[in-house]
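Peer 1: Residue numbers (the numbering used here), protein chains in the order written: chain A, 24 to 339; chain B, 24 to 339; chain C, 24 to 339; chain D, 24 to 339.
Certain hints may be false.
As the list makes no split between identical chains, a pair holds if one copy fits it or if it spans any two.
Said to hold, decoys possible - When the alpha-carbon atoms are kept at most 20 Å apart in a straight line, the in silico EDC-like pairs for lysine to aspartate or glutamate are as follows:
| # | residue 1 | residue 2 |
| --- | --- | --- |
| 1 | Lys242 | Asp255 |
| 2 | Lys121 | Asp111 |
| 3 | Lys297 | Glu73 |
| 4 | Lys141 | Asp236 |
| 5 | Lys121 | Glu148 |
| 6 | Lys297 | Asp136 |
| 7 | Lys297 | Asp236 |
| 8 | Lys121 | Glu265 |
| 9 | Lys242 | Glu179 |
| 10 | Lys238 | Glu179 |
| 11 | Lys141 | Asp94 |
| 12 | Lys121 | Glu80 |
| 13 | Lys125 | Glu142 |
Honestly, the hints are just simulated from the structure, not real lab data.
Protein chains: 4
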Amino acid sequence: MDGSFQQVSSRSMASKTQVGFIGLGNMGNPMAKNLLKHGYPVIATDVFPESCKELQELGAQIVDNPAEVADKADRIVTMLPSSPNVIDVYTGANGILKKVKKGSLLIDSSTIDPAVSKEMALAVEKMGAVFMDAPVSGGVGAATSGKLTFMVGGVEEEFTAAQELLSCMGANVVYCGAVGTGQAAKICNNMLLAIGMIGTSETMNLGIRLGLDPKLLAKILNMSSGRCWSSDTYNPVPGVMEGVPSGNNYQGGFGTQLMAKDLGLAQATATNTKTPVPLGSLAHQIYRMMCARGYAGKDFSSVFMFLREDEKEEGQ
Amino acid sequence: MDGSFQQVSSRSMASKTQVGFIGLGNMGNPMAKNLLKHGYPVIATDVFPESCKELQELGAQIVDNPAEVADKADRIVTMLPSSPNVIDVYTGANGILKKVKKGSLLIDSSTIDPAVSKEMALAVEKMGAVFMDAPVSGGVGAATSGKLTFMVGGVEEEFTAAQELLSCMGANVVYCGAVGTGQAAKICNNMLLAIGMIGTSETMNLGIRLGLDPKLLAKILNMSSGRCWSSDTYNPVPGVMEGVPSGNNYQGGFGTQLMAKDLGLAQATATNTKTPVPLGSLAHQIYRMMCARGYAGKDFSSVFMFLREDEKEEGQ
Amino acid sequence: MDGSFQQVSSRSMASKTQVGFIGLGNMGNPMAKNLLKHGYPVIATDVFPESCKELQELGAQIVDNPAEVADKADRIVTMLPSSPNVIDVYTGANGILKKVKKGSLLIDSSTIDPAVSKEMALAVEKMGAVFMDAPVSGGVGAATSGKLTFMVGGVEEEFTAAQELLSCMGANVVYCGAVGTGQAAKICNNMLLAIGMIGTSETMNLGIRLGLDPKLLAKILNMSSGRCWSSDTYNPVPGVMEGVPSGNNYQGGFGTQLMAKDLGLAQATATNTKTPVPLGSLAHQIYRMMCARGYAGKDFSSVFMFLREDEKEEGQ
Amino acid sequence: MDGSFQQVSSRSMASKTQVGFIGLGNMGNPMAKNLLKHGYPVIATDVFPESCKELQELGAQIVDNPAEVADKADRIVTMLPSSPNVIDVYTGANGILKKVKKGSLLIDSSTIDPAVSKEMALAVEKMGAVFMDAPVSGGVGAATSGKLTFMVGGVEEEFTAAQELLSCMGANVVYCGAVGTGQAAKICNNMLLAIGMIGTSETMNLGIRLGLDPKLLAKILNMSSGRCWSSDTYNPVPGVMEGVPSGNNYQGGFGTQLMAKDLGLAQATATNTKTPVPLGSLAHQIYRMMCARGYAGKDFSSVFMFLREDEKEEGQ
């Protein structure tokens, strides 16, 4: 432990040396750009070569696979769609672990099952390197403007080193505890977010049908105990607020199928830990039904439209 | 309408004349006291004579029934447990309507089905008087300190007159729209509150089981999109906040069975208006199950304890 | 009681005297025809005059309103859409109670809140007549072929008299207990039916996605503990069974919005009796959402289609 | 493939040669005994040596670990608590795969995630052997009396060979399709069973509160569309049927925590296949809450008691 810790220290001081970045999708691309902007040489890769072009033009070095990244950089950020991708990028035939250097700092910003994060951490630790999970909240906009929030799990001594890089890409970097707690915090937040959003949508819909003006109802909720982020910052009812997806036909924002994916993770961790999450579970099912009904690509606040009654008349 | 309106005007100016108060329970009693404190002569009644003693000692005039109150006061506040009580106090054999004066202002602060409020308003209007629904948020503490919030439904021209009285008992008096919208606002707020509280409890429980420190998790949620009143103002996890029921074995506060009652109203109005409220409906069922399992008298944030797993070991 | 009982006896013996019928909709029309076929003179009315034409041509006497029916017949069957219609037909300005004869037998086959049945029974009893609730199971087909099931609530001594008439219209006439229990039995059955149908749909969908052949899965369930009416008699998956709505694009059968109505009644009685019904409540919400999404007129087994995933591809 | 197939053929003919059995718990012990009774020499192992004593006294050969079983028998049945145990018994340091012979038939009767069954099948196939999943329905009683139902997934050509052994232990052996479909069928059946049981419990509870006699209500449901296995064969209300756990304080039968485990598997497969299962998901949560409230060891029909209201009085 001592040895690896010293190497970590030397690595941390060697600031502005190359940083690896694996996964240049909608989120990874602007994140890597922000590292470049802050003066870090970036060495990157992605399974889709075309995803790498823009970054290459901006000066990043593009290599063929994660192993090559690990061969050239001792700090690597990964940003991947789901658990199997992370497992492959770390432990696959051309994975990071094939060439990872002792003392390297590997930060995974993907949103995945915390159990997988722990597995990766163990495998990384065996190679004498350090793994931290650091999933983000905030979408493509926040990634572009460098305003993401990172929730970080891992050894506390390494947090400063991680923070140095992550603060180039985010406005908030929060230490959450042992490996996996970054994922746990992200999953917990998004589960409560989904519950609040569906709850706000049901409530606004009911109130409107009972004769309340939507703006007035939102105002009343927001000064009362019904207040939540979905009612006061991201109201799902068209016309209540400006600058949110409900004002733009639910385009942009955080897609329903991404929310369904996060709720699936919440459900899986709840099942594994035998934790009852009745509302979280029903929220998952509702977003799953929405995906089946054509809402997969709309912002998750479109649940207001999904729940809204529009039957014209009703017989006996 | 003209005639009644003029009478209303004269009534409104006749400030500090007698105000009737019907229903001197846990909430009504401190509310009536606050009217006395503000210099209003109070004439009151309750089905339980002993409930009247304290107010009588403070100078209120006690009479036998609602009709007598209506005979002597042209502004009356009612604060009753549920719809059947309200119907009886207004339309019963000794009800207000037997002796109500033209132009009287009748304010009902009970939490009941908005459909019943509308029925009462129609009956009252036929007698040439004015009905407003004005349910409260805030418990016995807020009633005592005069810090209630009133959500008021009824003819807008009468709002100022109602506000004059209600502001003696509350810190906020909000005009919501036509008759019944006060109830609607109250019901909507409490439905979203219940959803937020159960959601917060599930989320905190899951996070703790995933290794997060409860205080840290609450902090993260409160700076993120999971934030809600139940997470930042009334956290259900013992030890996270001070001065809330979770810190006092869930005593005091807002009882589970009162929440179950309000959710029953929400469910009934949703059913009547054919509005889907999946989470609100499940929240209702959960509070109903809690009542069956001995939580009826505990604060509604005790759902955290209800959901918490404490099985010692588990076999095959 | 003695007096009315003797009159009842004389009335029962006076078989094949006129029978009143109020409500000639999709169900009431074929029911009244079956009374005619069994040789009963029928005297009928409906709010829509055109609904009466067919019956008139078959020999029924048509009158203007329920009071006139009651003036001419001492046995009356009512078949109406919902509680307010029943209240109006019994207690309205031209309602049955205006002219009901002592000892009359009033049978209500509408599906309504059992609390309203009890109210009607009390009002009828005050007039010296007898009320029974007798809702049906079985749709238009069973009404036409005289194969309905009647669930009957009311004084047991009157059951034989009711059975005489009801057995002309149904294959099963079941005595359930005091007034209101006919409704209770109907509501309970339909709540469990809805739960079974949604459960079967979820299960078949999951099994298919896991690689099971739908017919084989149905066969396995039906020989195991998952067996239910919806799996073995009315399977919701196209191609599994013949002669059911799933084989006919979900046309015919029992409409989703009628199921939603019955589940609304179940929810209301559960709320009033403080009974937790978590799955029944969620079933209600799901059928409510389906009504909002264009399924109102399809058979209730179309929930299989509603839940089925058909998203083509899914991104990150 | 040809080679392995020929070996399989020779193996199948070599009837009454040694059969391996791994996992001698509550279920595995009586199952292995039934193999002995049918004249098969059994070679067995279990992680708890004391579990092997009874079988050894009856003539079985006990060895140290799964690898040794595989060394001596070319037909092996495994009966283990959960996925990790199965993975360990097959692929662990002393696992079956260390010594499995070409052409061996490996039948896993554990109830686990079908995805794990498929993984095991792939690993087994690589060794030139054959894997089938064959989970059971029926409890300890059925295991003892040899009346289990086996749901079998795997190559169809091998089904006869599997059936030969399984029919010594069960009354029904059903072929379900490719590897994993045995698990799928089991999981689907139990999910629908749980939904039917909770639905029946809610319905019976509601009916009783509405004044219906429980036996009569059960009779009505069972002749109507509400009918299901839980209403007609395993009614959860004490006094309605004899010979079921509800008549014996919910002792024996199928434990709540085992049902919660199976519903967890159903939830996981539904999440993985993006299948909405709203009632199945809520059923999971309810059984999870019951485990947290002391019902873990009671029969799963005790959900009737869990849902039953017994609050003595209720305030305002």
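Peer 1: 20 Å Cα cut-off: does lysine 297 pair with glutamate 73 within a copy, between copies, both or neither?
Peer 2: neither (43 Å within a copy, 29 Å between copies)
Peer 1: Between lysine 121 and glutamate 265, at a C-alpha cutoff of 20 Å, which is it: within one copy, between copies, both, or neither?
Peer 2: neither (50 Å within a copy, 51 Å between copies)
Peer 1: 20 Å Cα cut-off: does lysine 297 pair with aspartate 236 within a copy, between copies, both or neither?
Peer 2: For lysine 297 and aspartate 236, only the inter-copy Cα distance (19 Å) is at most 20 Å; the intra-copy one is 42 Å.
Peer 1: If the cutoff is 20 Å on CA atoms, where do lysine 121 and aspartate 111 land: within, between, both or neither? Let me know, please.
Peer 2: within (11 Å within a copy, 26 Å between copies)
Peer 1: Up to 20 Å between alpha-carbons, please classify lysine 242 paired with glutamate 179: within, between, both or neither.
Peer 2: Answer is between: at 18 Å across copies they meet the 20 Å cutoff, but 42 Å inside does not.
Peer 1: Within, between, both or neither: how does the pair lysine 125, glutamate 142 come out at a Cα-Cα threshold of 20 Å?
Peer 2: within (18 Å within a copy, 33 Å between copies)
Peer 1: Go through the copies and call it for lysine 242 and aspartate 255: within, between, both or neither, with a Cα cutoff of 20 Å.
Peer 2: both (8 Å within a copy, 18 Å between copies)
Peer 1: Between copies, within a copy, both or neither: which fits lysine 297 and aspartate 136 at Cα up to 20 Å?
Peer 2: This pair counts as both: shortest intra-copy Cα distance 15 Å, inter-copy 16 Å.
Peer 1: Since the copies are identical, ignore which copy is meant and state whether lysine 121 and glutamate 148 lie within 20 Å (CA to CA) inside a copy, between copies, both or neither.
Peer 2: Within. Shortest intra-copy distance 13 Å satisfies the 20 Å Cα cut-off; inter-copy 28 Å does not.
Peer 1: My question is about lysine 121 and glutamate 80: at a cut-off of 20 Å on alpha-carbon distance, are they close within one copy, between copies, both, or neither?
Peer 2: neither (28 Å within a copy, 52 Å between copies)
Peer 1: Between lysine 141 and aspartate 94, at a C-alpha cutoff of 20 Å, which is it: within one copy, between copies, both, or neither?
Peer 2: neither (23 Å within a copy, 35 Å between copies)
Peer 1: I want to check one pair: lysine 141 and aspartate 236. Are their C-alpha atoms no more than 20 Å apart within a copy, between two copies, both, or neither?
Peer 2: Classified as between: cross-chain Cα gap 18 Å, same-chain 49 Å, threshold 20 Å.
The structure fails to meet hints 3, 8, 11 and 12 from the earlier list, while all remaining hints are met.
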